[in-house]
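Engineer: Here's the letter readout for the chains.
Number of protein chains: 2
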Amino acid sequence: MGEFELIRHYFAAASCARAGEGVALGIGDDCALLELPAGEQLAISTDTLVSGVHFPESPDPFLLAQRALAVSVSDLAAMGATPLGFTLALTLPSAEADWLEAFARGLDRMAQQCAIRLIGGDTTRGPLSLTLTVFGRVPQGQALTRAGAQVGDLLCVGGELGDASGALPLVLGQRQAEPAIAEPLLARYWSPVPQLELGLALRGKATAALDISDGLLADCGHIAAASGVALLIEQARVPLSAALQAFVDTPTAYECALSGGDDYRLAFTLPPQYLADLQAAGWPLRVIGRVAAGQGVWLLDADGAPVQAAHSGYQHFEASSD
Amino acid sequence: MGEFELIRHYFAAASCARAGEGVALGIGDDCALLELPAGEQLAISTDTLVSGVHFPESPDPFLLAQRALAVSVSDLAAMGATPLGFTLALTLPSAEADWLEAFARGLDRMAQQCAIRLIGGDTTRGPLSLTLTVFGRVPQGQALTRAGAQVGDLLCVGGELGDASGALPLVLGQRQAEPAIAEPLLARYWSPVPQLELGLALRGKATAALDISDGLLADCGHIAAASGVALLIEQARVPLSAALQAFVDTPTAYECALSGGDDYRLAFTLPPQYLADLQAAGWPLRVIGRVAAGQGVWLLDADGAPVQAAHSGYQHFEASSD
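Sequences listed follow chains Y and H, in order. Read in order, the letters of the first sequence are residues 1 to 322 in our numbering. Read in order, the letters of the second sequence are residues 1 to 322 in our numbering.
By construction, these hints were calculated from the structure, which means they are not laboratory data. Even glycine gets a Cβ: it sits at the ideal position worked out from N, Cα and C. Check before you lean on any hint, since a few could be wrong.
Claimed, not checked - If we take Cβ atoms under 8 Å as the criterion, some of the chain H residues that face chain Y in the derived model are: (1) D30; (2) Q41; (3) S58; (4) D75; (5) G120; (6) D122; (7) T124; (8) Y254; (9) E255.
Said to hold, decoys possible - Straight-line Cα separation of at most 25 Å, SDA-like style, residue types lysine to any residue; simulated pairs: (10) H/K205 <-> Y/I27; (11) Y/K205 <-> H/G26; (12) Y/K205 <-> H/K205; (13) H/K205 <-> Y/E35; (14) Y/K205 <-> Y/R286.
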């Protein structure tokens with residue numbers, strides 16, 4: 001089977017995950033064509049995942065596809081955008097039907113969950129890696145950027161942190177755990193749920209937002225820098241899951257939550273007047289700190305005093321500390 | 001220098017190659033934001049280039065960047081789209097300042113030439129590969145697809161074919177040639193010129209179009225299949241450059257032109273009434289055949305009789321013949 005048939009055959013399901021809306025022309029021509037409603041902007045994000053760097057060698061293809069799409073769509077959630085479509089550039093050492101079939105099923109499952117449609121791509125031979133580019137729409141001026149945090153805002157996150165990085169010894173087969181612990185941790189690594197609805201709910205309320213991919217402290221550093229403010233984090237308020245606390249000791253759990261990365265939960269700054277309504281509506285947000293004058297990210301001790309300037313997280317090139 | 005600084009530093013030039021138009025938010029947030037004029041559609045294409053598969057190992061980074069962007073923008077030309085922006089996902093074994101500086105210069109040069117702007121991307125560690133996703137705009141309903149060829153149309157190409165694949169022995173250092181021969185052939189490989197203006201001139205005239213990447217015969221096969229017609233090609237009318245004819249014998253030159261690929265010139269079908277005006281305006285188009293009832297691509301002999309059903313070209317997975 002040649003390249004074109006291969007793509008057509010295995011990715012037909014994901015490409016039809018959502019018929020029509022906004023997609024004037026899908027897979028199979030030189031370009032796909034998207035349409036935007038009047039008054040909306042197109043949000044675009046690109047992410048690459050490389051075998052052995054961003055996921056273990058020889059991953060389960062179903063899980064890999066799920067995770068890759070979720071990681072990319074999470075950037076749309078962080079902008080408050082509604083998914084429209086995505087392209088997939090898939091580089092593979094060889095084309096094996098079983099692998100592609102499972103990969104396409106995982107892709108389709110996450111595409112359905114996120115209501116997003118495969119609109120184009122490229123399949124090439126080479127060391128296993130994936131680049132996904134996702135497209136969403138957002139009303140003009142309503143995108144959640146990193147640049148608007150104001151002194152006095154609350155700092156919030158969209159749920160418990162650290163599970164995905166805590167799960168790494170399980171992912172890599174270095175440790176075992178009973179199912180009640182292993183399953184939720186592995187699920188947070190392999191199929192994070194992009195917080196799309198939360199992103200929409202934060203439009204017009206949150207002053208800055210992003211999704212936590214490099215670790216809470218590093219990503220909060222991006223908000224602090226883009227907004228020209230300091231972020232103060234009360235470590236004791238950073239939410240940890242029961243599974244993570246059962247799997248590792250408390251210092252390790254906080255290390256995972258603060259610096260581990262791969263959470264794909266939203267972190268955002270919120271004027272205090274919006275908190276009660278969002279909590280009443282049942283959104284899973286947790287207040288972990290506040291915005292202050294200054295710069296950088298500060299971790300506070302139990303008495304609320306700054307104990308250190310904190311900034312660490314995953315760096316793809318480790319030659320220096322950034 | 002960390003990932004973020006590295007990206008900011010070296011790609012600042014290309015990201016500013018064209019200020020503003022259509023780009024509401026560029027590099028540095030979770031997503032870039034594009035705007036589209038009312039009544040226009042967004043054209044999107046993704047291409048991956050892998051070291052050792054799509055270009056030689058250890059390429060000149062300036063030339064690699066130029067070629068990668070040109071290859072991607074060529075898909076916009078093939079749709080009759082006007083470039084807006086692109087994302088770059090760059091995977092590198094290590095971050096070397098000299099390499100990145102030269103790469104960024106090559107990227108900037110081609111970005112300026114194509115009036116396109118870097119709006120986002122991702123830099124990761126791994127085996128060298130690049131995925132570019134390009135964005136353009138085209139008035140609603142005016143995109144040049146592969147699906148509209150009509151019986152009686154002329155089949156045309158945007159200039160001489162075969163130079164890039166003919167240049168491969170030079171690219172790989174397997175052969176030498178005098179500069180008058182080597183330079184034009186190497187230029188056609190390393191810095192193809194996307195035929196953007198020709199694509200715009202063909203809007204409302206050409207009934208089907210694409211850019212030749214996999215080889216004339218294979219790509220004409222895509223037009224034939226999408227349009228439900230046969231394409232007849234008169235081999236003697238396929239244009240060859242003087243440099244290619246000086247470098248290889250005539251059968252090899254035609255093999256390069258028909259099946260070599262990497263031309264990134266447009267191939268399109270044109271109702272005969274538009275030919276004279278386009279030629280008078282100086283467009284570099286060459287008539288090489290015509291559209292007939294039937295299916296597939298047919299190569300005609302000197303007397304105009306079909307001698308073979310022709311369909312071959314570059315296939316990324318070679319296990320079968322497609």
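Engineer: Can you verify the interface hint for H/Q41: is its Cβ closer than 8 Å to any Cβ in chain Y?
Structural biologist: Constraint on H/Q41 satisfied, holds at 5 Å.
Engineer: For a C-alpha distance cap of 25 Å, please report whether Y/K205 and H/G26 respect it.
Structural biologist: holds (23 Å)
Engineer: Identify whether the interface hint at H/Y254 stands, where standing means a beta carbon of chain Y within less than 8 Å of its own.
Structural biologist: At 23 Å from the nearest chain Y Cβ, H/Y254 fails the 8 Å test, so the hint is violated.
Engineer: So, H/G120 near chain Y? Judge it on the closest CB pair being under 8 Å.
Structural biologist: holds (6 Å)
Engineer: Tell me if the interface restraint on H/D30 is satisfied: Cβ within less than 8 Å of some Cβ in chain Y.
Structural biologist: At about 4 Å, which falls below the 8 Å cut-off, the nearest Cβ of chain Y leaves the hint on H/D30 intact, so it holds.
Engineer: Does H/T124 meet its interface restraint, that is, does its C-beta lie within less than 8 Å of any C-beta in chain Y?
Structural biologist: It holds, given that the least Cβ distance between H/T124 and chain Y is near 5 Å, below 8 Å.
Engineer: Below or equal to 25 Å on CA atoms is what counts here, so check H/K205 against Y/E35.
Structural biologist: holds (23 Å)
Engineer: Mind checking the CB of H/D122 against every CB in chain Y and telling me if the closest is under 8 Å?
Structural biologist: OK, holds: H/D122 within 8 Å of chain Y, min 5 Å.
Engineer: Under the criterion that the straight-line Cα-Cα distance not exceed 25 Å, is the pair Y/K205, Y/R286 satisfied?
Structural biologist: holds (15 Å)
Engineer: Between the alpha carbons of H/K205 and Y/I27, is the straight-line distance 25 Å or under?
Structural biologist: Holds - the C-alpha atoms of Y/I27 and H/K205 are around 24 Å apart, at most 25 Å.
Engineer: Please verify whether Y/K205 and H/K205 have alpha carbons no more than 25 Å apart.
Structural biologist: Measuring from Cα to Cα gives roughly 49 Å; hence the hint is violated.
Engineer: Per the CB criterion, is H/D75 less than 8 Å away from chain Y?
Structural biologist: holds (4 Å)
Consistency note: the structure conflicts with the earlier hints numbered 3, 8, 9, 12.
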